[in-house]
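Enquirer: Here the protein sequences line up with chains B and D, keeping their order.
Counting along the first sequence from 1, when you hit position 249 you're at 249 in our numbering, and nothing is skipped either side.
Counting along the second sequence from 1, when you hit position 167 you're at 167 in our numbering, and nothing is skipped either side.
Just so you know, not all the hints are guaranteed correct.
Residues from chain D shown here face chain B by an in silico Cβ test under 7 angstroms; the list is partial [what the hints assert, rightly or not]:
1) Asp26
2) Val28
3) Ala30
4) Tyr31
5) Arg32
6) Asn105
7) Gly109
8) Gln110
9) Asp145
10) Pro148
11) Gly159
Label-pair restraints from in silico Cβ distances [claimed, not checked]:
12) Ile29(B) - His134(D): 43 to 51 angstroms
13) Lys304(B) - Pro117(D): 32 to 40 angstroms
14) Leu116(D) - Glu266(B): 45 to 53 angstroms
15) Gln38(B) - Thr187(D): 39 to 47 angstroms
16) Val227(B) - Leu116(D): 19 to 27 angstroms
17) Asp213(B) - His134(D): 39 to 47 angstroms
18) Pro218(B) - Gln186(D): 33 to 41 angstroms
19) Thr189(D) - Asp124(B): 28 to 36 angstroms
20) Thr118(B) - Thr187(D): 45 to 53 angstroms
21) Ser345(B) - Pro117(D): 26 to 34 angstroms
22) Ile65(B) - Thr115(D): 25 to 33 angstroms
23) Gln38(B) - Leu116(D): 52 to 60 angstroms
The hints are simulated quantities; they were obtained by calculation from the structure and are not laboratory data.
In this text, a Cβ means the ideal position worked out from N, Cα and C, and glycines have one as well.
Take a look at the letters that make up each chain.
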Amino acid sequence: MTWSDIYRAFVGFFVSLRLTVALLALSIILVFWATLEQAQLGVWGVQEKFFRSLIVLSTVPGTQIPLPVFPGGYFIGGLLMINLIASHVHRFKFTWKKSGIQLTHFGLIILLVGELITGLLQEDYSMRLGEGETKNYSESFRRHELVIVDTSDPDYDNVVAIPESLVKDGDPVQHPQLPFRVQFHGYLPNSDLQLTANLADSQTAQTIPNPADQGVGPRISVIPLPVTYRDNERNLPTAWVELVGADGPLGTWLVSPLLLAPQEFEYAGKIWRIGMRIEREYKPFALTLLELRHDVYAGSSIPKNFSSRVRIETNDGTENREALIYMNNPLRLQGLTFYQYQMDSANGFSVLQVVRNPGRALPYIACVLMGLGLTIQFGIHLVGFTTRRRKA
Amino acid sequence: MPFMRSRNPFILCAGLLLLGGGCQRDVVHAYRVPKEAAPTPTASTAGTTATGANLAWQAPAHWQEQPAGGMRQGSFTVPGTDGATADLSIIAFPGAAGGLADNLNRWRGQLALPTLPAAEVEAGVRHLDTPAFHIDFVDYAGNADGVPTRILGAIIDHGGRSWFFKLMGPDALVAGEREAFLAFLQTVTAAP
Numbered sequence: 001m002t003w004s005d006i007y008r009a010f011v012g013f014f015v016s017l018r019l020t021v022a023l024l025a026l027s028i029i030l031v032f033w034a035t036l037e038q039a040q041l042g043v044w045g046v047q048e049k050f051f052r053s054l055i056v057l058s059t060v061p062g063t064q065i066p067l068p069v070f071p072g073g074y075f076i077g078g079l080l081m082i083n084l085i086a087s088h089v090h091r092f093k094f095t096w097k098k099s100g101i102q103l104t105h106f107g108l109i110i111l112l113v114g115e116l117i118t119g120l121l122q123e124d125y126s127m128r129l130g131e132g133e134t135k136n137y138s139e140s141f142r143r144h145e146l147v148i149v150d151t152s153d154p155d156y157d158n159v160v161a162i163p164e165s166l167v168k169d170g171d172p173v174q175h176p177q178l179p180f181r182v183q184f185h186g187y188l189p190n191s192d193l194q195l196t197a198n199l200a201d202s203q204t205a206q207t208i209p210n211p212a213d214q215g216v217g218p219r220i221s222v223i224p225l226p227v228t229y230r231d232n233e234r235n236l237p238t239a240w241v242e243l244v245g246a247d248g249p250l251g252t253w254l255v256s257p258l259l260l261a262p263q264e265f266e267y268a269g270k271i272w273r274i275g276m277r278i279e280r281e282y283k284p285f286a287l288t289l290l291e292l293r294h295d296v297y298a299g300s301s302i303p304k305n306f307s308s309r310v311r312i313e314t315n316d317g318t319e320n321r322e323a324l325i326y327m328n329n330p331l332r333l334q335g336l337t338f339y340q341y342q343m344d345s346a347n348g349f350s351v352l353q354v355v356r357n358p359g360r361a362l363p364y365i366a367c368v369l370m371g372l373g374l375t376i377q378f379g380i381h382l383v384g385f386t387t388r389r390r391k392a
Numbered sequence: 001m002p003f004m005r006s007r008n009p010f011i012l013c014a015g016l017l018l019l020g021g022g023c024q025r026d027v028v029h030a031y032r033v034p035k036e037a038a039p040t041p042t043a044s045t046a047g048t049t050a051t052g053a054n055l056a057w058q059a060p061a062h063w064q065e066q067p068a069g070g071m072r073q074g075s076f077t078v079p080g081t082d083g084a085t086a087d088l089s090i091i092a093f094p095g096a097a098g099g100l101a102d103n104l105n106r107w108r109g110q111l112a113l114p115t116l117p118a119a120e121v122e123a124g125v126r127h128l129d130t131p132a133f134h135i136d137f138v139d140y141a142g143n144a145d146g147v148p149t150r151i152l153g154a155i156i157d158h159g160g161r162s163w164f165f166k167l168m169g170p171d172a173l174v175a176g177e178r179e180a181f182l183a184f185l186q187t188v189t190a191a192p
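So that you can see chain B by itself, here it is in the shape it has in the complex (with noise of 0.2 angstroms):
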């Protein structure tokens, strides 16, 4: 086989029709397991193992090995474009009968290309705010991390944020700002804690031994629970993380979301705080809620409008401005849109969702462009019916 047999071989195998009929097909039934197994996962869960995956992967039963069972959204989406692109390149000679049609499949490269981005780089958080409260960050609806602050500057915190992801590798963590190295003594994704003197006989045999021997970890009893996929509910992890200085081991601390506070320690002279919470992305401004309002319809209780009214403050002092978010009238702001999410105005709080989507112009070009290849295409032939007909 020469180079030009190889060549042709894959320039063949990218271009050919059939290839695309077998992703089409692929897709097909990637979306009916989805769609199946959307009752036991959630809309977040199948999004992940199935559409945004190379690889959807299965656990061989009664282990955690991951097995490979079907190519994922990006492999199929991935190769369909290419294949797009490549018999478009191969193929093309720009002719105006087939105008329509080129627009068409670029408006679905678009398409693809704009649910590619959407999927790697959307980023989707939300902000908590109390009546009057100021925060500079949003926070994840999902993720979680660990945090170790050294505390010793007044007016500063030096935090290192260790992603969940990589406390369950389990991996140990140098970082050049930590004196000490971070080590995992087992992660559980998702987890009920008690107070030890709380528990009751019937819960003792749902605990698992707990290695903590620093901070409140020792009094705490932890109970693990299955991993929930539902929408309205979010999975509280605690994991065990050993610090070990260059004169030995600090001791092992609990952390988990459902301890409210950073547990603080002293070490090479500095106040150290580490704790698990929520994932935090923090702003170069600051919002404030100053008013929330929720307003329903005259002698009923059925809601009329939820609205934040929030000041805008940004660090380097350039803007400073009230707006005003309610539905349908997000505020954007430096990349990213806040959406009114959820409101409670009884006890005086209101959460934006926080979306930064460098795509999200993306699905709506490529429609106008699909939209107006079609027309085009059907026009042209509609032109040419007509004007054979006139003559016969």
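On the provided structure of chain B, position chain D as indicated by the hints.
Expert: Structure of chain D alone, referenced to chain B:
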């Protein structure tokens, strides 16, 4: 047939895609942020008014306040007539903290009561509306370590957290404190 002959490129392509996917990994971040207010100390001054992170309450005079700590935002010992005591704990967890039904079943488990399906356990909840909050209230009687025991429990959703007020102790003592506990719930307000 081109499709059959081109298996090698297919494997190559799959490999490349897998490699690309493998590069996406979370990393450790280090950053500096202005100091946040230190975690609110949860123990309050001696007396009957206590403040958690953002709730305040007024306890009956005969309840003995204990230093809060660990997960507790507030803690009281409620004395009985014969030296017996009941324990009132006030704990706040983020969000729905696993959901109402699971938490009520957790309390039921502490009294050796059977776990009920969500709909059934939620149907047994009494709903109280105080001037400040909507409160889910339960009264469970059962056994703990063979001793007749009762839990008066209240759950308040406030400030993005679920606040659990649990009075647990000998059945007769806790049953006698029911009115005091309900009156205490009426005093719970958002802390200034």
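Enquirer: Let me make sure I understand: some of the numbered hints might not hold for this structure. Which ones are they, in numerical order?
Expert: Hints 6, 10 and 23 are the ones this structure does not satisfy, whereas the remaining hints hold.
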